[in-house]
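Protein chains in written order, with the numbering used here: chain A, 1 to 375; chain B, 1 to 573.
Everything labelled a hint here was simulated from the structure, so no lab data went into it.
Check before you lean on any hint, since a few could be wrong.
Distance condition first, Cα-Cα at most 27 angstroms in a straight line; then the derived DSS-like pairs of lysine-lysine [to be verified]:
| hint | chain 1 | residue 1 | chain 2 | residue 2 |
| --- | --- | --- | --- | --- |
| 1 | A | K272 | B | K204 |
| 2 | A | K276 | A | K86 |
| 3 | A | K255 | A | K276 |
| 4 | A | K318 | B | K343 |
| 5 | A | K367 | A | K352 |
| 6 | A | K276 | B | K204 |
| 7 | B | K204 | A | K255 |
| 8 | A | K86 | B | K343 |
| 9 | A | K188 | A | K199 |
| 10 | A | K255 | A | K344 |
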Amino acid sequence: MKDTREVPNQAEHSANESAPSPTRRRIVAAAGAGLVTSGLPFLMSAGDAAAQGSASAPPDLATARKEGPLLLWHGDQEGDVVEYIKGFTQKTGIEVVQQRLLPGAAWPKLDAEYRTGNSNVDVYMSSDAGTMDNQRKQGRILRYESPELVAYAPQYKSNPAGFWTTYYINIGPMMYDPRYVSEDVAPKTWMDLLDPRWKGQIGFQNAAAGTSYAMWFVLKDILPKDFWDKLAAQKPRGYSSSTQIMTDIHRGDVKIGGRVSNFQYLKSLRQKLPVKMVFPPEGAPSVTQPVGIIGTTKRPNAAKIFVDYLLSRDGQQKWNTIQGSYSARSDVNVEGLPPITSIKVLIPTPEKFEEYGSAATHAEFVKLFNRIVGL
Amino acid sequence: MSVAASGAAAPLAPPRHGARRVRAGVWLPLAFLAAGLGYPLFLLVANAFNVGDPQALPPTEYGSANFVSLLEHLDWIGNTLLVSISATILAMAIGIVLAWILYRTTVPGQRVFEVLIAIPYPLGPLVGALAWSALGSPREGLLNQLFTGLTGIAEPLFNIYSVPGIIFVMAIFEAPVAVLMIGAAMQHMDSALEESSTVFGAGKLRTALRVTLPLMLPAILSAALFLFTSMMGAFAIPTMLGTNARFYVATTAIYVMFQSYPPNYPLAAAIGVVLVAITALAVWLSARVLKSRTHAIIFGRNYRPRRLNMRGWTPVLLAFECAYVLVSLVLPLGVLLLASLQKSGGLSWMLSDWTLNNFHYVLIDFPTTRQAIGNSLLLGIGTGTLGVAVATTIAWMVHRSQSAGRQLLEQATMLPQAFPRLIFAFGFMWMVMSLPIRLYGTLYAVLLAYIIVFLPLAYRGMSGVVVQIDRSLEEAARISGAHWGRMMRTVTLPLLRAGLLANWVLLFMISVREVSASLFLSGPGTQVLGPAIFSFWDSGGLPRVSALAVVQAVIILIALAVVRRLARARPGL
Chain A
1 MKDTREVPNQ AEHSANESAP SPTRRRIVAA AGAGLVTSGL PFLMSAGDAA
51 AQGSASAPPD LATARKEGPL LLWHGDQEGD VVEYIKGFTQ KTGIEVVQQR
101 LLPGAAWPKL DAEYRTGNSN VDVYMSSDAG TMDNQRKQGR ILRYESPELV
151 AYAPQYKSNP AGFWTTYYIN IGPMMYDPRY VSEDVAPKTW MDLLDPRWKG
201 QIGFQNAAAG TSYAMWFVLK DILPKDFWDK LAAQKPRGYS SSTQIMTDIH
251 RGDVKIGGRV SNFQYLKSLR QKLPVKMVFP PEGAPSVTQP VGIIGTTKRP
301 NAAKIFVDYL LSRDGQQKWN TIQGSYSARS DVNVEGLPPI TSIKVLIPTP
351 EKFEEYGSAA THAEFVKLFN RIVGL
Chain B
1 MSVAASGAAA PLAPPRHGAR RVRAGVWLPL AFLAAGLGYP LFLLVANAFN
51 VGDPQALPPT EYGSANFVSL LEHLDWIGNT LLVSISATIL AMAIGIVLAW
101 ILYRTTVPGQ RVFEVLIAIP YPLGPLVGAL AWSALGSPRE GLLNQLFTGL
151 TGIAEPLFNI YSVPGIIFVM AIFEAPVAVL MIGAAMQHMD SALEESSTVF
201 GAGKLRTALR VTLPLMLPAI LSAALFLFTS MMGAFAIPTM LGTNARFYVA
251 TTAIYVMFQS YPPNYPLAAA IGVVLVAITA LAVWLSARVL KSRTHAIIFG
301 RNYRPRRLNM RGWTPVLLAF ECAYVLVSLV LPLGVLLLAS LQKSGGLSWM
351 LSDWTLNNFH YVLIDFPTTR QAIGNSLLLG IGTGTLGVAV ATTIAWMVHR
401 SQSAGRQLLE QATMLPQAFP RLIFAFGFMW MVMSLPIRLY GTLYAVLLAY
451 IIVFLPLAYR GMSGVVVQID RSLEEAARIS GAHWGRMMRT VTLPLLRAGL
501 LANWVLLFMI SVREVSASLF LSGPGTQVLG PAIFSFWDSG GLPRVSALAV
551 VQAVIILIAL AVVRRLARAR PGL
């Protein structure tokens, strides 16, 4: 990271990027039997509190260091993110604080913060490109055309580019521990999950996970319509994270990870725990995990430098090595993973992005998947 | 630790005469509770009837559709009631027996067991769930492995990921509250009736069942209510042990609804309102039952009841105490310590597989946990100090003042007990977000929430202390010419000191172990231990989360040790 970037036009920043636009306020119709509500707060309306995206003014490192700690939201494992940002801080001198928030919690939280004028987040590394693109459409993501974008194929970037970019590809194979499941009986295809032997023995992440949503979204037009009802009859368990699934797989308490983020494979191997991945011929449902700068960022220079580094070859190598996953850059390779070209990767295509990001499609999935995992 | 059953303790009512005014000591806490509890409740109810934009606050359209939707998920409410009622019964059974052994029998080791039995409660449900998942998971659970190793039977002895498993873990970690509450009543019980029973030829067991137990009923009901309301809001244990069993209670369903996109806040709020209604009904019913038992034989005075020598039963009762300490303290802490030393996720006894790196990681390398430890200590001190101050003021006003409105104040103080903590936090978060002052995202918001949710417990504790202070000592000081300040300094506060310290430590410990109330309120910069452990459990792996849980346990044990040392150094404490 060089310290010699052109100093951005601060006026442009303040006008276009960092300042939250004013919001309307509504007076709470504070009433209620016996409740002390009069004189209590004003709530802001949903409104469009977003800052407007702007053309890409390059960041300035000296200014970034003075902007205060960058607030990063993410849906990844905290330990991985902390290790990564430690290296980032050593390299740039920019402090970062992080909070793990899955998309279902992050976007409504951001929305509520917009309503009340409390927004403070700068960058979100999400597991749901669909909802990220929705936020882009609502003008809530800052457009920053990082010089690193040239290294990314169009399917890994927002359209137009610069709002969000894929910081890793989260491929979702099935997984099992060969100590408890022999290779010859292990499922080979998605339909094999319906084998009665796996009843009560399959684990998925629950409906809160963007990866589960993406799995359903890319498979719903490939697998038979009744697959999901039959899957529900298998009584799979709904875990809150892929780490939880792997813990149970290695304990022998659940036999098959129905869809597990591929980085768990390397994590198991690093712990010397036996694990096998299955890439079904129908395809492995995958998520292009997007990173974007929130429109109301109060630390635009630090946010841009963070994104620049995360998308750079060096940053990608470090992040994906720490986490054990695939980069969307072709010049980055993480040892121990099968080549991505050998896998049939299923990701939502650009023409499906409207549907992929829609709240109605998400709601349909949540209802179905809650039923599948018995909630 | 002095935790009296306030429902059972007959307040030393001052003489009432003439028109009374509402004193500041009454209306200030009332206003605080009305704002801090009433407004979140208002937001919760408003949201439960929101049928428009699910994220709009205040709602733009009202209707009952969310409650109709709830009919599809009655299993969440049913499961909540199932585990709450069952775990309350089990915890009460354990608690009554232990309290009786400790305070009414001559079974040896009372002082040691009094401490050991109290510890599991402040250790908390996170420790309980984590530890018992390592002890009782069907295949790799340490106890199941031991069973298989000893018997050669492949089938596990038990599966902690089951409804009975959840009930068991909830019960053993809440039972100390029952011991504290019932034990306090037992120590203050006039034993004349027991002695009469013995004189008339009843055996010891018959006396215990036919005399002691009915005498204890108000305290038992009071403790049962406290446990039931706590368990209705239980989150960590059902979440951590229920997923594998596809078993969901209301709080776990709310949590998943909060995490999913789009979140269904109105349905979550509707569940919350139903839960609050059920616990409020239980509080009301209990108050009615207790009211009809005003003849309770529990007074502020200390009796020294004669203890029963159980002779041949003594080893059995001692074994029961040991068994409880084993399953609720020794095994959980032992397995967490073992797990925290592991290089990988398994549980190995080989020294070569052990490392201290997990402790280095959570204490040094990982800024979030470092911050969480510091914040939790600050919050523990803040909650202990302010919570005890508020609770003492309220207890004093209720029991020692003649102010109008003091009964209302007592009822309002106990009201947070009807709020499952996760549900309260849900409404409280909306409140702090909407306030014109910047409270959202600060530790003050978490502190305020802690003070409100722990107020009933603090009030119970301080009530038990206040009602035991003999008025005559204060009156003597006044007659001797001491002004109010001098009387407080030289008579009242020294008398209160032991109770203040005990309740301060109790609040400190339960703040440090808290998870449900802070789950929605802590964030970057305001991380606290409970949610940090929960997050580590979610995505950090067993060794690291165990290391953090061990650190939490050490903090709590140090707090306990310090207070006991203080108590020993200054016998007045």
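Query raised in the report: Is it true that the CA of K86 (chain A) sits at most 27 angstroms from the CA of K343 (chain B)?
Result: This hinted pair holds, its Cα atoms lying about 22 angstroms apart.
Requested in this report: For the pair supplied as a hint, K276 (chain A) and K204 (chain B), confirm whether the alpha-carbon distance does not exceed 27 angstroms.
Outcome: Answer violated: K276 (chain A) to K204 (chain B) is near 63 angstroms, above 27 angstroms.
Query raised in the report: Does the alpha-carbon distance linking K255 (chain A) and K344 (chain A) stay inside the 27 angstroms limit?
Result: holds, 24 angstroms
Query raised in the report: CA of K367 (chain A) to CA of K352 (chain A), is that 27 angstroms or under?
Result: Holds. K367 (chain A) to K352 (chain A) sits at ~21 angstroms (cutoff 27 angstroms).
Query raised in the report: Is K272 (chain A) close enough to K204 (chain B), meaning Cα to Cα at most 27 angstroms?
Result: Answer violated: K272 (chain A) to K204 (chain B) is near 59 angstroms, above 27 angstroms.
Requested in this report: Sort out whether K199 (chain A) lies within 27 angstroms of K188 (chain A), counting only the CA atoms.
Outcome: holds, 16 angstroms
Query raised in the report: Given the proposed pairing of K204 (chain B) with K255 (chain A), does the C-alpha separation stay at or below 27 angstroms?
Result: violated, 54 angstroms
Query raised in the report: Does K276 (chain A) lie within 27 angstroms of K255 (chain A) when you go C-alpha to C-alpha?
Result: holds, 12 angstroms
Query raised in the report: Between K318 (chain A) and K343 (chain B), is the straight-line Cα distance small enough, at 27 angstroms or below?
Result: Roughly 23 angstroms separates the two Cα atoms, so the pair holds.
Query raised in the report: For the pair supplied as a hint, K276 (chain A) and K86 (chain A), is the alpha-carbon distance within the 27 angstroms limit?
Result: Outside the cut-off at roughly 31 angstroms; violated.
Hints 1, 2, 6 and 7, counting from the list given before, are not met by this structure.
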